[in-house]
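**Q** If you want the building blocks of each chain, they are given just below.
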Amino acid sequence: MSEALAPAAIVVTTAPMLELAGVTHVFDVSRPWLQRTLAREPRRTLRAVDDLSFSIPRGTTLSLVGESGCGKSTVARLSVGLMEPARGTIRFEGEPLSTARAQPALRRRMNMIFQDPYASLNPRWRVRDIVAEPIRTFGLAHGSAVQERVDALLTQVGLAPQDGEKFPHAFSGGQRQRVSIARALSSAPEFLVCDEPTSALDVSVQAQILNLMKDLQQRLGLTYLFISHNLAVVRHMSDQLGVMYLGRIVEMGPADAIFAAPRHPYTRLLLDALPDLAHPGRSRTSVGGEVPNPIRPPSGCTFHPRCKLANARCRAERPEQIAAEGVLVACHAIEEGRAS
Amino acid sequence: MPLLEVRDLVVEFPTRRGVLRALDHVSFAIEAGEVLGVVGESGAGKSLTGAAIIGLLDPPGRIAGGEIRLQGERIDKLPPEKLRRIRGRRIGTIFQDPLTTLNPLYTVGRQLVETIQTHLGLSDAAARKRAIAWLEEVGIPGASQRIDAYPHAFSGGMRQRVVIALALCAEPMLVIADEPTTALDVSVQAQIISLLKRLTRDHGTAVMLVTHDMGVIAETSDRVAVMYAGRVAEIGPVAAVIGTPAHPYTEGLMGSIPSLEQRVARLRQIDGAMPRLDAIPAGCAFNPRCPRVFDRCRSERPELMAAGTTQAACWLHAGVATNV
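First to last, the protein sequences are chains A and B. Numbering that gives the first Met the number 0 applies: residue 0 is where the first sequence begins, and numbers increase by one. Numbering that gives the first Met the number 0 applies: residue 0 is where the second sequence begins, and numbers increase by one.
Please note that the accuracy of each hint is not assured.
Unchecked claim - Covered stretches of chain B, going by a simulated chain A footprint (3 or more residues, C-beta under 8 Å):
#	region
1	142-156
2	187-195
3	230-242
4	256-267
To be verified - Taking beta-carbon pairs under 10 Å as the criterion, some of the chain B residues facing chain A (in silico):
#	residue
5	Glu4
6	Ser41
7	Pro58
8	Tyr248
9	Met253
10	Arg288
11	Pro290
Said to hold, decoys possible - DSBU-like, lysine-lysine: derived pairs with alpha carbons at most 35 Å apart:
#	chain 1	residue 1	chain 2	residue 2
12	B	Lys128	A	Lys307
13	A	Lys307	B	Lys196
14	B	Lys128	B	Lys196
15	B	Lys81	B	Lys128
No wet-lab data here; the hints were simulated from the structure. Just so you know, even glycine gets a beta-carbon here, dropped at the ideal spot from N, CA and C.
Let the hints inform the model, and build the full structure from the sequences given.
**A** Okay, structure coming up:
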């Protein structure tokens with residue numbers, strides 16, 4: 000299967016929409032000073048994102064997938080400048096992100112869709128005002144043109160212009176997520192960070208939202224950074240895929256190539272762990288262990304306690320990413336040809 | 000005689016603006032040792048069905064009609080004290096969030112011992128021994144030490160294992176598992192599902208598995224009931240419901256699940272949303288969203304009827320012997 004894959008380049012066009020190089024983010028999770036001093040313990044840090052690099056070509060979707068605590072939401076926040084990375088650079092359209100954020104003309108071109116449509120809409124604002132806020136902030140329209148634009152946006156996401164008069168509580172989860180998308184689109188962005196946009200929704204509603212997001216991407220040429228824990232959703236949405244484990248990307252490349260021939264043991268674990276609708280009654284391969292505490296990550300390759308292929312080198316030495324047929328994989332076993 | 004039989008169950012919530020009917024003539028049966036999956040979207044009434052069976056409806060919700068029989072004996076009209084003896088002893092429960100199921104102030108051992116002693120009347124030492132055996136059986140490493148730990152010392156997956164031990168330790172005949180894996184990561188989810196499957200098979204326990212996840216149903220259940228707007232839309236063997244669904248809602252639901260096997264340009268979607276309880280349309284509740292709706296659907300409510308190898312509440316199958 001894998002031989003048929005063309006060695007696709009990971010970094011594609013000359014000016015990617017978003018480019019991360021060696022991005023690391025560390026949270027300070029120490030106890031308060033007094034308690035720390037009394038207990039004589041050092042500061043404790045949590046490395047949520049560790050030496051992350053990728054780039055997203057214009058008009059495509061890059062997805063990050065992983066289990067809870069792997070750092071995918073931190074990447075989402077870093078990518079729109081809600082947090083500053085401790086190390087590394089993030090470039091938006093070739094400009095450093097902090098510079099880009101300082102210019103309204105560039106800042107309006109990026110936006111975010113959040114997971115929980117109940118928490119991300121102000122309950123005291125009418126939908127019309129929620130959607131209009133970015134338009135007013137960036138001065139994209141004035142007077143009655145604002146209202147026209149809001150109406151057009153609501154129509155675009157499958158709501159009616161009259162819905163603008165209502166408050167968020169009058170909508171179902173799926174409709175609220177449509178409002179979130181309308182708000183995200185109101186500043187006419189080109190780049191959207193979508194952090195688990197459908198995981199709070201039922202599957203039939205999820206299908207509506209995913210279809211809408213794909214339609215909008217085609218029509219408006221949007222670029223997505225798509226964060227999800229659901230591999231099937233990611234398969235449906237992505238051009239490129241990065242699999243994260245404890246803050247690091249363990250496998251990255253064209254989504255079709257990874258799904259056709261997953262290489263890293265963790266990617267295989269994730270795929271094997273999914274229930275199979277095509278063969279009811281078939282048991283999943285159950286894998287032992289859970290994601291370890293990121294405050295004290297295992298030595299060497301952080302996946303080694305759960306990995307069947309782990310040996311002494313995996314426990315001691317951190318694997319670097321190596322390219323294999325267009326896919327980047329960080330695994331000693333694959334490098335040494337121990338993986339079957 | 001089935002182990003559990005639910006017939007024409009009606010659950011209502013009186014409100015200031017009138018009575019809302021949350022479950023409307025729900026009927027199904029579970030045989031001994033069988034796994035029945037109950038699937039549906041939020042608000043379809045699947046959790047409510049479980050809560051009604053074990054007598055844990057939140058007031059003002061009340062059973063307004065129908066009957067629930069456990070081994071032929073009616074349990075929907077029992078006084079609370081008698082129902083309490085049934086819960087735990089004959090029907091075990093597993094809920095979604097293991098953190099709220101376990102009491103954070105008691106060690107897991109104390110909670111297990113309490114349950115075992117309440118229902119099986121063992122001595123302290125024997126109950127503790129039994130509790131350790133259960134923790135080992137659900138795969139807690141170092142069970143004889145971990146038994147004295149508090150719930151917060153366990154990870155999410157380990158906690159759910161403790162909850163499973165707690166539900167099974169009085170050896171009930173039926174376990175009602177309400178979204179037992181929804182709060183867990185996929186790799187842990189697979190572990191919990193296979194554990195639940197193995198234990199209930201070994202002990203001959205029947206399971207009513209309530210979930211929104213078709214994948215979990217597919218690999219676990221013998222039969223599946225699909226619920227929509229407080230009613231059973233389709234019920235039948237799991238392979239038939241998934242492979243050749245007879246109700247347009249089941250068909251739409253299956254089509255809207257993204258697949259790993261093949262990539263499609265667009266997912267099939269069911270337009271609209273499930274109606275609210277105060278606005279359930281006349282006739283078939285699914286008719287405004289149904290792609291194959293016709294006149295009869297708008298005026299007359301379909302009951303479950305034979306549709307190939309499953310039963311579906313859909314007029315498409317009226318008077319047709321096989322239509323799959």
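**Q** Need the list of violated hint numbers for this structure, in ascending order.
**A** 5, 7, 11
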